[in-house]
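Protein sequence lines correspond, in order, to chains U and H. First residue of the first sequence? That's 48 in our numbering, and the numbers climb one at a time after it. First residue of the second sequence? That's 6 in our numbering, and the numbers climb one at a time after it.
Calculated from the structure, these hints are not laboratory results. All figures in this text were calculated on a predicted structure; none of them were measured in a lab. We put the CB at the ideal spot given by N, CA and C, even for glycine. Check each hint, because a few of them may be wrong.
As the list claims (entries may be wrong) - Looking from chain H toward chain U, a few residues come up when the C-beta cut is under 7 Å (computed):
(1) PRO30
(2) TYR60
(3) TRP73
(4) ARG96
(5) ALA100
(6) MET103
(7) LEU110
(8) LEU118
(9) LEU124
(10) GLU155
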Amino acid sequence: MTDVLPGPDLEAAIRAGVERGLDAAPVIPDLAERVRAAPSPRRFRPLLAVAASVAVVLLAVGVIVDLLTSAHDAGPDRTGRSTAAPTPTTPDDSASRLGGPPYPVTARDDDKTTAARSVGTWVPVWVAGYDGPVALSTTAAYGPFLRVQFQDGSPARSGGFHLSGRSGVCPPVRGGLLSTTGRLTSRDAIPAVGCVGPAEPLSLAFDSVLDRMTQVGVSASGVLTLYQKDTPLAQFVHQGRTRPRWSTGGTLPGGVVGAWSVFGLPTEGLDEKQAIPLGGLAFLTLGGDGRYDGSSRCTVLSGTFEVGADGKATFSAPRVSDHSCPSGPRATGSLKDVARVAHFGNFLALYDKHGRVLAELQSQLPAAIVGSWERPALRPAVRVTFGSDGRLALTGACGLADWTYSLRPSGAFSAQSHPVAQKCVGPVDPAGMVHVLQATALVTQTSRGELVLSDGTGKVLATLVRLVGG
Amino acid sequence: VTFEEFVAARGQALLRFAFVLTADPHLAEDVLQTALLKALRHWRRVERSAQPEAYVRRIVVTTWADHWRRASSSEVAGDVPEGRTEDPADRIGTADEMWQALAALAPRQRAVLVLRYYLDLDDEQIARQLGISRVTVRTQRSRALATLRERWTPTADVTNGGSHD
């Protein structure tokens, strides 16, 4: 190995330096194997053509069948039973199970400026199927990102648009060509040439999104959404641009109750004092009794709060306990500056009176309500069993279908039914649990261990007791 | 040659090249992936060319140029201390130290030197690949050489013309 540089010839010395750089380059011993193992878009072109032909034929047949049967489907089945078996949402369809997109999903149209408006580098704020916090860094670094470019690299020529996404430091780049309206017209993928560490859950979820997405949409507020047909899969904000405000939709105030982790402390536009709006606060628990507790590594905050149905919020000045803190900035927090909260899915944003984001939070991992429960006042009894795998079962009557559910520590609850064709004799849903589960937006637990199911306005729909041994 | 065969055969060499351009292993992978993606989209043209590797290497360079051009206009610089004082320990006396010095150069300066002294391109070719003027090429090279010369300690051993082990 060269150690001493060549003599007075600087150019030769530079060549030696570059050679040393080449020696220091990362080595990927199994690159060839990895490339051979990776799917080639060309390899699948004949298959894709066949699949497309079959899809066209099936679509045509489906349209004809729909036309022929539409008269029969005009009204509900008088028996109340499920007569058909719609395609069930699989438990892995996490867009519905793990909280929805934080920004409003607007109806897509045939806007021919969509692809042009999507040009740039985008960082995700929400990815279907991923339960943990998504870093809201405005620099893509080596995390997941999406990039849309003019295909020929020149806006002036605008020969088309190309979308590419990379889910982390390890996986392949995936993408394809976009039409002017943002529709994905062809897919391509390129094998990973480098791999640093194993793929983590966010990357896996992002990979899945890139595999499934068929359409790009860009809202007027500057949020890019990837869709699979009409289902939103992921949302992004433009790298380097100020994030648009979050939706104020969702359920209030019940939905804010629960334990939240702080994962975004935006500093844009804030002075130094304001730049630590929550002073390093890491967790915040909003209790159903109107009390809050916050904590950082060494500081504990507590106080009271109120959140109105319109999102207006008042937090008392926190009582601070930081006895175990070493010297340095204290997490004094600015919760008293919170004037409004916005809640959507499993996200919560805190704003000051000027509309500036003080913090963005995400609910922590779901609490367990796994086991069997029933409504004691009703007979015949219907047993509700919450599975640890996200499945929900109703037993005790017929025709009650299979369910999947999601529950967050904040109490936010949602459930989807997947009806199956059954031959039933007897009343359907005698305890009214189908309606209850469909309307439930919040689940809380009383001190006696009862499970209280409420709708978005806080109205109690049902109280369940745990079955012994359930 | 198929795309897969090409990447299997030359991917590592291209990664090394991307690394000396970027001086960052992760960025090198990113740049190379993007470049290979571009090459894949025009693979017929690439494989028909006389030198596919040189073709892809050019794409790597333009991709890297696009990257730092975009980065310089949109990204906020990190906490780089200004007015760095010269430390005698920073003198360049070995190939390792020269590489460290090259890695510390501004991206465009490093790119100009790598293209000149590694690929042996002339100013016209460098300007075309980086999308800058020949005057800029000369200016950047001049500044880069001045920076290196300031810290470089020539050794007396020139007997083998620079090829050492």
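(message) Let's test the interface hint: is any C-beta of chain U closer than 7 Å to that of LEU110(H)?
(response) Status violated, d = 11 Å.
(message) Hint PRO30(H) vs chain U: min CB-CB distance below 7 Å?
(response) holds (4 Å)
(request) Let me know if the C-beta of LEU118(H) comes in closer than 7 Å to any C-beta of chain U, holds or violated. (result) holds (6 Å)
(request) Have a go at the ARG96(H) hint: is there a Cβ in chain U nearer than 7 Å to its own Cβ? (result) Violated - the Cβ of ARG96(H) stays beyond 7 Å from chain U, reaching only about 11 Å at its closest.
(request) May I ask you to test the interface hint for TYR60(H) with respect to chain U, counting a Cβ-Cβ separation under 7 Å as satisfied? (result) Not OK, violated: TYR60(H) not within 7 Å of chain U, min 15 Å.
(request) Let me know if the C-beta of ALA100(H) comes in closer than 7 Å to any C-beta of chain U, holds or violated. (result) holds (4 Å)
(message) Would the hint on LEU124(H) be counted as holding, given a Cβ-Cβ threshold of 7 Å to chain U?
(response) Hint on LEU124(H): violated, closest Cβ of chain U at ~10 Å, above 7 Å.
(message) A closest beta-carbon separation below 7 Å is what the hint needs, so does TRP73(H) meet it against chain U?
(response) TRP73(H) check fails; min Cβ-Cβ to chain U is 14 Å, beyond 7 Å.
(request) Tell me if GLU155(H) is really an interface residue toward chain U, meaning its C-beta lies closer than 7 Å to one of theirs. (result) Interface hint status for GLU155(H): violated (11 Å vs cutoff 7 Å).
(request) Using Cβ atoms only, decide whether MET103(H) comes closer than 7 Å to chain U, and label the hint accordingly. (result) The hint holds - MET103(H) has a Cβ within 7 Å of chain U, the shortest such distance being about 3 Å.
This entry does not satisfy hints 2, 3, 4, 7, 9, 10, going by the numbered hints stated previously.
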